[in-house]
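Q: Letter by letter, the chains look like this.
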Amino acid sequence: MTVDELRKQEAPRPAGLGPVGWLRWGWRTLTSMKTAIILLFLFALASVPGSLVPQRGVEPEKVAQLYQQNPTLAEWYDRFQLFDVFSSVWFAAIYLLLFTSLIGCIVPRTATYLRELRRRPPAAPRNLSRLPHFSSFAGDLTAEAAAARLRARRFRVDTGDGWVAAEKGYLRETGNLLFHIALLGLLIAVGFGSLYGYRGNVLVVEGDGFANTVAAYDRYLPGNQVSAESLEPFSFQLDRFETTYQVEGDKRGQELDYSAFLKVSDAPGAPERPYELKVNEPLEINGTQTYLIGHGYAPEFRITDGKGQVAFEGPVPCLIEDKPSMTSGCVVKAPDARPEQLGFLLRFLPTSVALEGGGHASAFPGALQPEVQVVGAFSGDLGVRSGRPQSVYELAPPELMKKLKPLVMGTSVPRPLAVGQSLDLPDGAGKLEFTGVKEWMTLQIAYDPGRLPALVAAAVATVSIALSLMIRRRRVWVRVRDGVVEVGGLTRTEGSAAGFTEEFADIVKALSAGDKDAR
Amino acid sequence: MGAGGGDEPPVRAGADVPADAGSAAPRWASKAALVALLLGWGAWAANLTAIVTRGLAVERWPWANMYEFVVAICFAAATAFLGTHLRYNVRFLGPFVMLAAALGLGFAVKFLYTAAGPVVPALNSYWIAIHVSAAILASGLFVLAGVTGILYLVRGDGLSRLPSREYLERVAHRAIVLAFPVWTFAVIAGALWADKAWGRYWGWDPKEVWSFITWVAYAAYLHARVTAGWRGRKATIVQLIALACLLFNLVGVNIFISGLHSYADVG
Ligand code: HEM
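In order, the protein sequence lines correspond to chains A and B. The opening residue of the first sequence carries number 4 in my numbering; numbering runs sequentially from there. The opening residue of the second sequence carries number 26 in my numbering; numbering runs sequentially from there.
Keep in mind that the hints are not guaranteed to be accurate.
Claimed, not checked - Some chain B residues judged to face chain A by a derived CB distance under 8 Å, without partners named:
| id | residue |
| --- | --- |
| 1 | W53 |
| 2 | F205 |
| 3 | T209 |
| 4 | G224 |
| 5 | R225 |
| 6 | G228 |
| 7 | V234 |
| 8 | I238 |
| 9 | A244 |
| 10 | A245 |
| 11 | W255 |
It should be emphasised that the hints constitute simulated quantities derived from the structure, not laboratory data. Backbone N, C-alpha and C define an ideal beta-carbon position, used for all residues, glycine too.
Could you build all of it, start to finish, from the sequences and the hints given here?
A: Laid out in structure tokens, this is it:
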């Protein structure tokens, strides 16, 4: 499309038009290039906060953190949907406008394009020497012979009385239209995938299993059109998790590789098969993909309550506080403890070393000398029974937190516990034993029927934009008169005249060559 | 290890530029230009050596952390200039592109340097060859276009050692026209990799957001260029905004924002 054509598209201001006129004006404005640029900019601008403010879909724990640290700000963020930028009303408004504008631009341009495909190249202008590319030579070339030679160069050709008009490079427009259509296709594929697909996260500790049902997920995000029964019914067990680290040099402690050794059953009752799940190598079962996305430690504990009963026993997944050393924070709760519930805030050090000023820290991410530091031990109501959903990484809801009775805290904290050691709580309130270390892995399980269509649309977009940007639309006219052949040329694409110079020279050479190789 | 200096060749800007550059350059000037070019090629070879030896030292593709990535982009920008120069008359760009590359390398060595070593498991994939190489190639071309865009903005009317604004505009446009599909491909390859590694092809991770913003901004430039009233100055400004987005994605996102991509391993 040339600048002139675009100028014609620009909407004239409505002067006292009726509602229909206003509608038409609105439509033309929406589908004009200027609006498209502005919408493109708005689109980019609107996604900026999505990278600055934590997103609920990506980092829910950071959102929760912000709510704790600065509730007023967090509420304002929420009011403007800044925690969910990419599913917010205003983001949707911009891209819907953009894509309406896109459709409004594709449809008429496709029509123009189809008409143009059938049209003949325009007749030669009167004065060819005024064209940006011009050459003339003496020769007895006929218009028909010139037409044949241009056709051989894959020009579309029309001839008249002593002149030839030729045009080439229609693929440019094809590419351009295809590109814009592919963008639409991409949007539709993404939308389809999010309606009919689902995604979920789950944390699995060594020795535990997972069966693909809604209830098994820690976080489950279904599309609107997904029913719980449609989940692919596979299951697996995590036998063992292995991590290797660099042990020497500058990058000591750098993770080198990790794998989860699974036993997978593709359907209920199907035989189990071993599978090594690694990062970058998802497990696929009938289109449902299972990805290994992270891992950490789950130290094992036994808690004995004030009455001498075992109130809790098992591994507790800890949150990584410091990735290089894998220092992790653990919350251990024993709601069954009597006479009062017990709760512990602990710090897990995979390779514990004593610091000079007292205290301990982890010196290596592998579990070489695992120890557990007691940050605090509490008794009281943990709120577990209140029926309210509660985070496993929080000892108690904030309002109950203040009422807990600290048993061990601050200066009374003893030296860290090694595996097999235990901490006796004061006043016979109970005992915490550190019994072993396991690893956990986090998985993302996803089913997205829009994946393949999205890929196809994206591939078409890439190829077609390359076509559209690389190919020049060019016209050549030849006029023969009194033994003089005049050739004029023009590219319809601005800014590419330089590249056409060579091709034009080549064409002139071909036209002026001897009759022998005329076809 | 130093990264091979992209020394600024002491060429006089526009020693032999086309069109309105005025009278023919004196002979000493064209000799100086030749020396400068040779220096440029020498610096290019040194930069290449740095990348290859780094690759040999780490036994993987040598662009998996920010230091390596910046070094590679500077190399790509220098390559884009020297390659273009083989076919087109863009010698005037030499000092500016080489200056940008030298500054980039200096920045990398001073602030981003990380010792050669292994990377996190997620990066041990053939996708790094596809996705990151495309991003580097596109970035090199975008930098070339950006440098030309800045020259466009500082060039006054009338006589100048620089070529005409129109010529500058055309060089920038050509570079972006080449780079845009490559960038599109890089983003898509990134999505394919994310699909393999993280279980979704697009998740609005900060790096993804900024790649997308960069892509949209360059698309806006391409549209601006074919829109009456936006060509020239305005389009050039759009282009430079897009370049700023590209650079922010490279530096800002790695340093200031955490996300899945934050294994950039900044110095
Ligand atoms: C909002 C509706 C849109 C309209 C009205 C529109 C219109 C156009 C037009 C008329 C052209 C042809 C320029 C030419 O022939 O040289 C074009 C090219 C192009 N469009 Fe769009 N477009 C829209 C949306 C988009 C979007 C969303 C993108 C991607 C983010 C995009 C990317 C491109 C690119 C890369 C080109 C190639 C530019 C060139 O040929 O130099 N467009 N668009």
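Q: Look at each hint and say if it fits the structure.
A: So, going through the hints one by one against the coordinates:
1. W53: Result: violated, 30 Å to nearest chain A Cβ.
2. F205: holds (6 Å)
3. T209: holds (5 Å)
4. G224: holds (4 Å)
5. R225: holds (6 Å)
6. G228: holds (6 Å)
7. V234: holds (4 Å)
8. I238: Cβ of I238 (chain B) sits 4 Å from chain A, so the hint holds.
9. A244: With a closest approach of 6 Å, the A244 (chain B) hint holds.
10. A245: holds (4 Å)
11. W255: holds (7 Å)
Hint 1 from the earlier list is the only one contradicted by this structure; the remaining hints agree with it.
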